[in-house]
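The residues making up each chain are set out below.
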Amino acid sequence: MATIPQRIIHEYLRHDKKFPHVWCAGCSNGIVLGSIIRALAGMDIDRDDIVMVSGIGCSSRMPVYVDFNTLHTLHGRSIAYATGVKLHKPHLKVIVITGDGDCTAIGGNHLIHAARRNIDLTVILINNNIYGMTGGQCSPTTPHEAIATTAPYGNIEPDFNVCELAMGAGASYVARTTAFHTQETQNMVKEAIEHPGFSLIEVVSACPVIFGRLNKKGGAPQMMKDMRDNSVPLAAVEKLPPDKLEGKIIRGVLRKELRPEFCAQYADLVKRVQAKGGEA
Amino acid sequence: MKKTATTKSAPKPKTKASAPKQETKLEELQAIRERKTVLMQGNEAVAYGALDAGCNFFAGYPITPSTEIAEILATELPRRGGVFVQMEDEIASICAITGASLAGAKSLTATSGPGFSLMQEGIGFAKITETPCVVVNVQRVGPSTGMPTSCAQGDIQQSRWGSHGDSPAIVLYPDSVKECYELTIRAINLSEKYRTCVILLLDEVLGHMREAVRLPDMANVRVISRIKPTVPPHWYKHYDENQKYLSPLASYGEGYRFHVTGLTHDQLGFPTNKATEAADMMERLRKKITYNIRDLVQIESYKMEDAKIAIFAAGIVARAAKSAVVMARKEGIPVGLLRPLTIWPFPDDAVRKMLRDVDVVVVPELNQGQLSREIQRLVKDRSDSKLIKIQRVNGKLISPTDILRKMKEGI
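If you read the protein sequences in the order shown, they are chains A and B. Going by this note's numbering, the first residue of the first sequence is number 1, and it counts up by one from there. Going by this note's numbering, the first residue of the second sequence is number 1, and it counts up by one from there.
Simulated from the structure, these hints should not be mistaken for lab results. Don't take each hint at face value.
[Said to hold, decoys possible] The calculated lysine-lysine pairs, modelled on DSS-like cross-linking and capped at a C-alpha distance of 25 Å, are:
1. B:Lys274 with A:Lys17
2. A:Lys17 with B:Lys308
3. B:Lys322 with A:Lys18
4. B:Lys274 with B:Lys287
5. B:Lys408 with A:Lys271
6. B:Lys303 with B:Lys237
7. B:Lys228 with B:Lys322
8. A:Lys18 with B:Lys237
9. B:Lys228 with B:Lys178
10. B:Lys308 with B:Lys237
11. A:Lys276 with B:Lys25
12. B:Lys303 with B:Lys274
13. B:Lys303 with B:Lys389
14. B:Lys228 with B:Lys274
15. B:Lys322 with B:Lys244
16. B:Lys287 with A:Lys276
17. B:Lys274 with B:Lys308
18. B:Lys287 with B:Lys322
19. B:Lys353 with B:Lys396
20. B:Lys25 with B:Lys36
21. B:Lys274 with B:Lys237
[Said to hold, decoys possible] Beyond 12 Å from chain B on every Cβ pair, some chain A residues (computed):
22. Met52
23. Asn109
24. Asp243
25. Lys244
Where is the CB? At the ideal position from N, CA and C, for every residue including glycine.
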């Protein structure tokens with residue numbers, strides 16, 4: 001038998017019957033999973049206290065592979081399920097894995113209201129700009145004029161800026177990175193989990209097999225290079241002229257502020273009511 | 001500036017009027033808490049039944065005619081350290097109570113027709129993942145928005161078949177305010193015992209009707225809670241094929257680190273495409289109900305011993321039917337009433353016995369035949385049994401005299 005070097009990520013994967021995974025060769029989801037695991041491994045959290053919740057889609061298949069409390073829910077509803085888990089047991093760290101279609105189309109309502117409540121969930125939105133699992137239909141983040149199987153003549157709709165959407169709804173931690181920037185993703189995941197409030201990280205990812213093929217993006221390595229070359233860190237944005245920012249992915253922590261968190265607010269309410277004579 | 005002044009002054013009389021109303025409401029709740037005899041609404045009875053059964057998590061969305069349940073639990077749950085949350089819609093509500101239940105809560109939501117329709121996918125998820133939770137549906141006239149403040153029994157079949165795919169169903173149907181309280185406790189108990197989403201169907205009139213009720217002392221309330229696993233985590237199977245398919249249930253954060261998915265899964269909870277494992281899961285869901293029919297089915301039999309005519313009715317219609325029985329008996333007509341408290345699983349055996357014993361069956365219902373089609377399903381082998389259908393979907397109730405008249409016309 002070949003000896004496989006044991007890495008930190010292997011400790012966090014479930015070993016029986018879950019592999020091979022469903023993701024295509026060249027998919028970014030595994031890379032993002034690696035970043036999430038390395039972030040968690042570097043933190044002092046008991047894995048019994050981590051709940052990973054997801055919806056439906058390629059990225060949402062992630063929880064089955066990891067050795068946490070895991071919940072693979074309905075299409076679009078991961079944040080609503082996560083809200084229930086978190087409210088009943090606020091000490092648990094609840095991480096939501098979702099995709100662009102899952103989170104911003106069918107699940108858009110839950111996203112904005114969880115952000116408004118500022119409930120302490122960590123939403124990691126892996127944005128591949130397309131519905132991969134169903135074979136390449138356009139999503140709310142499919143770029144204008146890009147090709148999808150349901151937009152064969154080019155997408156006539158404008159696309160969502162996911163981070164702006166979350167910030168507009170009141171999310172207190174919002175960041176964007178790409179699957180190429182693994183260390184940055186890892187740092188953001190750590191920061192978002194530690195942040196007491198609703199946090200959303202948009203990880204721009206590559207779907208070479210479907211989005212890439214339909215839009216002639218040149219395969220997985222080329223798409224990784226594109227993520228490197230077409231993205232600009234937030235710190236550099238001010239120094240660049242506007243024409244150089246055209247079509248670029250802006251990476252960085254876009255918002256980090258402290259606002260009253262929902263579970264803490266609820267705990268305060270309970271204290272206040274019980275002090276007035278409610279039953280213990 | 002003037003405009004702001006007028007809008008500011010406009011709501012003033014409103015708040016003045018509503019302040020004493022709020023006070024009376026709180027006094028009323030206090031009387032219920034002290035377990036005095038009070039004139040109680042069906043919806044209030046549901047809320048206090050939930051609390052007495054140990055419900056500590058409610059997520060819901062306002063909808064007539066169920067809203068009082070949410071309002072009372074918004075007042076009571078924080079007092080007891082439980083969670084009340086108003087979600088963004090009914091879909092989020094069913095999802096939140098399922099998530100909370102997986103974290104160990106006894107959870108409940110309340111809605112009406114339109115919200116119940118929205119919840120169907122989530123109800124299916126709770127059933128396939130065998131997660132305890134309760135959905136109260138205070139029925140109103142449909143389809144669609146229908147008549148929000150009028151009574152109907154149009155969700156009887158939806159409560160059985162509403163979610164896609166074959167799935168088990170436990171649905172309870174009270175006919176009085178006191179029974180609203182009792183069956184809410186039973187619904188939560190059954191959800192915990194059978195690890196499934198149990199549905200409580202109320203009629204709009206029952207939700208809003210007031211009757212004198214005194215809640216029993218807590219010492220007399222039987223509360224069932226889920227069985228917790230005693231095995232070490234690596235031995236734990238989330239869907240263990242225990243005796244009669246009632247298996248222990250761990251909660252998130254207790255060291256078991258199990259997986260839950262809406263995909264067809266194996267005993268550990270991991271997705272599967274194997275035909276044998278898929279068949280096992282489906283059989284397990286089915287047998288959980290069919291092996292425990294005796295525990296699940298509850299029926300009331302009223303003056304059926306010597307009856308030649310039987311009325312089969314549920315909920316508020318059964319109240320009218322009971323009066324019709326009394327009226328008919330005075331005229332010397334041998335009528336009885338069979339009333340299901342558990343409407344799903346359907347009381348097939350009791351209905352078959354009824355069909356053997358009587359010549360005529362009368363089925364009054366506030367829909368276009370959702371109950372009578374079940375009777376017809378069972379009547380097949382006895383073509384000489386006569387079925388009188390009384391159906392109404394205009395928002396008006398069926399009165400005892402309506403039943404009596406139609407019965408006399410039919411026989």
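Hint check results:
For a cut-off of 25 Å, the pair hint linking B:Lys274 to A:Lys17 stands: about 12 Å separates their Cα positions. Restraint check: the Cα-Cα separation between A:Lys17 and B:Lys308 comes to about 61 Å, which exceeds 25 Å; the hinted pair is violated. Restraint check: the Cα-Cα separation between B:Lys322 and A:Lys18 comes to about 58 Å, which exceeds 25 Å; the hinted pair is violated. Only pairs whose Cα atoms come within 25 Å are accepted, and B:Lys274 paired with B:Lys287 is accepted, the gap being roughly 20 Å.
A distance of roughly 62 Å separates the Cα atoms of B:Lys408 and A:Lys271; the hinted pair therefore is violated under the 25 Å criterion. For the hint linking B:Lys303 to B:Lys237, the alpha-carbon distance of about 48 Å lies beyond 25 Å, and the restraint is violated. Simply put, B:Lys228 and B:Lys322 have alpha-carbon atoms about 43 Å apart, too far for the 25 Å limit, and the pair is violated. The straight-line distance between the Cα atoms of A:Lys18 and B:Lys237 is roughly 16 Å, inside the 25 Å bound, and the hint therefore holds.
Restraint check for B:Lys228 and B:Lys178: the C-alpha separation of about 31 Å exceeds 25 Å, so the hint is violated. Proximity of B:Lys308 to B:Lys237 is assessed by CA-CA distance (about 52 Å); at most 25 Å being required, the pair is judged violated. This hinted pair checks out: A:Lys276 and B:Lys25 have alpha carbons roughly 17 Å apart, not beyond 25 Å. Among the hinted pairs, B:Lys303 with B:Lys274 is inconsistent with the structure: their alpha-carbon atoms are about 52 Å apart, more than 25 Å.
Among the hinted pairs, B:Lys303 with B:Lys389 is consistent with the structure: their alpha-carbon atoms are about 20 Å apart, no more than 25 Å. Distance check on the hinted pair: B:Lys228 and B:Lys274 sit about 29 Å apart at the alpha-carbon level, beyond 25 Å; violated. For the hint linking B:Lys322 to B:Lys244, the alpha-carbon distance of about 36 Å lies beyond 25 Å, and the restraint is violated. Of the pairs offered as hints, the one joining B:Lys287 and A:Lys276 is violated, with about 49 Å between alpha carbons and a cut-off of 25 Å exceeded.
Using a Cα cut-off of 25 Å, the hinted pair B:Lys274 and B:Lys308 is violated, with the two alpha carbons roughly 52 Å apart. Restraint check for B:Lys287 and B:Lys322: not satisfied, since their Cα atoms lie roughly 34 Å apart, outside the 25 Å limit. Between the alpha carbons of B:Lys353 and B:Lys396 the distance comes to roughly 32 Å, so the proposed pair goes past 25 Å and is violated. Of the pairs offered as hints, the one joining B:Lys25 and B:Lys36 holds, with about 15 Å between alpha carbons and a cut-off of 25 Å not exceeded.
As the CA atoms of B:Lys274 and B:Lys237 are separated by approximately 18 Å, the hinted pair is consistent with the 25 Å bound. Taking the minimum C-beta to C-beta distance to chain B, about 10 Å, the non-interface status of A:Met52 is violated against the 12 Å cut. Consistency note on A:Asn109: stated as away from chain B, yet its beta-carbon is not over 12 Å from all of that chain's, at 5 Å minimum. The Cβ of A:Asp243 lies farther than 12 Å from every Cβ of chain B, with a closest approach of about 41 Å, so its non-interface assignment holds.
Here A:Lys244 stays apart from chain B, with its beta-carbon at least about 40 Å from theirs, past the 12 Å limit.
Comparing the model with each earlier hint shows violations of hints 2, 3, 5, 6, 7, 9, 10, 12, 14, 15, 16, 17, 18, 19, 22, 23; every other hint is respected.
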